[in-house]
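Make the full structure from the sequences, and use the hints.
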Amino acid sequence: MPPDPPALIRQWLDHRDEAAARALIDHLYPLVTRIVRRHVTGRENPEDLAQETFARLFNQLARYDPAQPLENWTTRLTLNVCRNHWRHQSRRPELHWEDLNPVEQNLAEHAWNADQPLPSSTNEDAHALLLKILQTLPADDRLVLTLLHLDEKTTDQIAALTGWSRTLVKVRAYRARQKLRQAIERLKP
Amino acid sequence: MSDPESALHHLTQAARQAHLPGDPTPFGFSTRVLAQVAANTAALLWERLSLRSLACATVIAAGCLWWDLTSQSPAEEDRFISELSTSLFLP
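Those protein sequences? They're chains H and A, same order as listed.
Take 1 as the starting number for the first sequence in the working numbering and just add one per residue.
Take 1 as the starting number for the second sequence in the working numbering and just add one per residue.
Treat the hints with care, since some could be wrong.
[Said to hold, decoys possible] Below, computed lysine to any residue pairings styled on SDA-like, alpha-carbon distance capped at 25 Å: (1) H:179 with A:16; (2) H:188 with A:16; (3) H:132 with A:6; (4) H:170 with A:16; (5) H:132 with A:19; (6) H:153 with A:9; (7) H:153 with A:5; (8) H:132 with A:21; (9) H:170 with A:4; (10) H:153 with A:21; (11) H:188 with A:13; (12) H:153 with H:83; (13) H:153 with A:19; (14) H:188 with H:99; (15) H:132 with A:4; (16) H:179 with A:9; (17) H:132 with A:5; (18) H:153 with A:4; (19) H:170 with A:3; (20) H:188 with A:9; (21) H:188 with A:6; (22) H:170 with A:13; (23) H:188 with A:18; (24) H:170 with A:9; (25) H:132 with A:23; (26) H:179 with A:6; (27) H:153 with A:18; (28) H:188 with H:113; (29) H:153 with A:16; (30) H:132 with A:16; (31) H:179 with A:18; (32) H:188 with A:17; (33) H:132 with A:3; (34) H:170 with A:5.
[As the list claims (entries may be wrong)] DEER-style ranges, computed between Cβ atoms: (35) A:45 with H:18: 17 to 23 Å; (36) H:61 with A:47: 15 to 21 Å; (37) A:53 with H:15: 27 to 33 Å; (38) A:70 with H:60: 43 to 49 Å.
Don't read these hints as lab results, they were simulated from the structure.
Here the structure is a predicted model, which is why all the values come from computation and not from measurement.
Glycine included, each C-beta is placed from N, C-alpha and C at the ideal position.
See below:
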């Protein structure tokens, strides 16, 4: 039987029912980990961030409006946890060709020289390399670029997820993209 | 040789297709989350209690100050002022 999130939330809020809380965690865990893994590298402890997201979710559950989809609310919460994590994390100063490992160098060289899309066998490595490059950018720039380029969200969707105005999203995306282009330029073989 | 825009395009295109599995909840994860929630709730309770205590202490201190200022009789105040002013002119 599929879980009924509103009923589980009610049970947790009214009776602090741990079984309901566990069922809610099981229901939302795939969504949360997918977002976290999309946005942070393996070295940034994705499981710790998922745990932090759920802890915050339960602390703020009383403020959740059942009129809006739980998945949207959870996505927003997860993104906020990621953004706070980036803010408190020391940023890598700059990334140069020499800082890349042989796999990444090979991939970067391929991306610079390719006329065709990269082979599908390199997808996971490309994702890891892109996150590594994004780590050199400020938290808000990293968030807007990930949402725009990796999650393929529209300006309106990003505005709804971050609480920024549409104009701010556009301006931030433009500036962040310039910084990303400079970061890519530094990786030229 | 392509430009940075094209390199970025190739890289993001491949990264978007990366397989990111939504795993089932690992063993012990829910227990850790619920323990953290309990710890956060206790910390929040202490924080609220401390803030209320601070507010109460401020009100009591203000009350004491007010009581102290108003409880002095005018005569006592006058005597103090006259003593002070006399002592100023003493050789």
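Consistency of the hints with the structure:
1. A threshold of 25 Å between alpha carbons decides the hint, and for residue 179 (chain H) with residue 16 (chain A) the separation of about 20 Å falls inside it, so the pair holds.
2. For the suggested pair residue 188 (chain H) and residue 16 (chain A), the alpha carbons sit about 22 Å apart, so the restraint of at most 25 Å is met.
3. With a C-alpha separation of about 18 Å, the suggested pair residue 132 (chain H) and residue 6 (chain A) falls inside the 25 Å cut-off, and the hint holds.
4. With a CA separation close to 21 Å, the supplied pair residue 170 (chain H) and residue 16 (chain A) stays within the 25 Å bound.
5. Note on residue 132 (chain H) and residue 19 (chain A): the hinted pairing holds, with a Cα-Cα distance of about 17 Å set against a maximum of 25 Å.
6. With a CA separation close to 16 Å, the supplied pair residue 153 (chain H) and residue 9 (chain A) stays within the 25 Å bound.
7. The suggested pairing of residue 153 (chain H) with residue 5 (chain A) holds, with an alpha-carbon distance near 19 Å, which does not exceed 25 Å.
8. For the proposed pair residue 132 (chain H) and residue 21 (chain A), the alpha carbon gap of about 20 Å is at most 25 Å, so the pair holds.
9. The suggested pairing of residue 170 (chain H) with residue 4 (chain A) holds, with an alpha-carbon distance near 21 Å, which does not exceed 25 Å.
10. Under the criterion of a C-alpha separation no larger than 25 Å, the hint pairing residue 153 (chain H) with residue 21 (chain A) is consistent with the structure, at around 20 Å.
11. Taking the CA atoms of residue 188 (chain H) and residue 13 (chain A), the gap is near 18 Å; set against the 25 Å cutoff, the hint holds.
12. Using a Cα cut-off of 25 Å, the hinted pair residue 153 (chain H) and residue 83 (chain H) holds, with the two alpha carbons roughly 17 Å apart.
13. Only pairs whose Cα atoms come within 25 Å are accepted, and residue 153 (chain H) paired with residue 19 (chain A) is accepted, the gap being roughly 18 Å.
14. For the suggested pair residue 188 (chain H) and residue 99 (chain H), the alpha carbons sit about 12 Å apart, so the restraint of at most 25 Å is met.
15. Simply put, residue 132 (chain H) and residue 4 (chain A) have alpha-carbon atoms about 16 Å apart, close enough for the 25 Å limit, and the pair holds.
16. Distance hint between residue 179 (chain H) and residue 9 (chain A) is fulfilled; the C-alpha atoms sit about 15 Å from each other, no more than 25 Å.
17. Between residue 132 (chain H) and residue 5 (chain A), the direct Cα distance comes to roughly 17 Å. Compliance with the 25 Å bound is thereby established for this hinted pair.
18. As the CA atoms of residue 153 (chain H) and residue 4 (chain A) are separated by approximately 22 Å, the hinted pair is consistent with the 25 Å bound.
19. With a CA separation close to 23 Å, the supplied pair residue 170 (chain H) and residue 3 (chain A) stays within the 25 Å bound.
20. A hinted pair counts as satisfied when its Cα atoms are at most 25 Å apart, and residue 188 (chain H) with residue 9 (chain A) qualifies at roughly 15 Å.
21. Between residue 188 (chain H) and residue 6 (chain A) the CA atoms are separated by roughly 12 Å; this keeps the pair inside 25 Å, and the hint holds.
22. Annotation: proposed proximity of residue 170 (chain H) to residue 13 (chain A) holds, straight-line Cα distance about 21 Å (limit 25 Å).
23. Among the hinted pairs, residue 188 (chain H) with residue 18 (chain A) is consistent with the structure: their alpha-carbon atoms are about 23 Å apart, no more than 25 Å.
24. Between the alpha carbons of residue 170 (chain H) and residue 9 (chain A) the distance comes to roughly 19 Å, so the proposed pair stays at or under 25 Å and holds.
25. For the given pair, residue 132 (chain H) sits about 23 Å from residue 23 (chain A) by alpha-carbon distance, which is consistent with the 25 Å threshold.
26. Restraint check for residue 179 (chain H) and residue 6 (chain A): the C-alpha separation of about 15 Å stays at or below 25 Å, so the hint holds.
27. At most 25 Å may separate the alpha-carbon atoms for a hinted pair to count; residue 153 (chain H) and residue 18 (chain A) meet this at roughly 17 Å.
28. The straight-line distance between the Cα atoms of residue 188 (chain H) and residue 113 (chain H) is roughly 10 Å, inside the 25 Å bound, and the hint therefore holds.
29. Proximity of residue 153 (chain H) to residue 16 (chain A) is assessed by CA-CA distance (about 12 Å); at most 25 Å being required, the pair is judged to hold.
30. A distance of roughly 15 Å separates the Cα atoms of residue 132 (chain H) and residue 16 (chain A); the hinted pair therefore holds under the 25 Å criterion.
31. Pair hint residue 179 (chain H) plus residue 18 (chain A) holds up; C-alpha atoms about 24 Å apart against a cutoff of 25 Å.
32. Of the supplied pair hints, the one linking residue 188 (chain H) and residue 17 (chain A) holds, its CA atoms being roughly 23 Å apart against a limit of 25 Å.
33. At roughly 20 Å between alpha-carbon atoms, residue 132 (chain H) and residue 3 (chain A) fall within 25 Å of each other, so this suggested pair holds.
34. At roughly 18 Å between alpha-carbon atoms, residue 170 (chain H) and residue 5 (chain A) fall within 25 Å of each other, so this suggested pair holds.
35. The given range of 17 to 23 Å is respected by residue 45 (chain A) and residue 18 (chain H), whose C-beta atoms sit roughly 19 Å from each other.
36. In this structure, residue 61 (chain H) and residue 47 (chain A) meet the distance hint of 15 to 21 Å, their C-beta atoms being roughly 19 Å apart.
37. Taking 27 to 33 Å as the suggested C-beta distance range, the pair residue 53 (chain A) and residue 15 (chain H) conforms, at roughly 30 Å.
38. Between residue 70 (chain A) and residue 60 (chain H), the C-beta spacing of about 47 Å keeps the proposed range 43 to 49 Å intact.
Consistency with the previously given hints is maintained throughout, with no hint failing.
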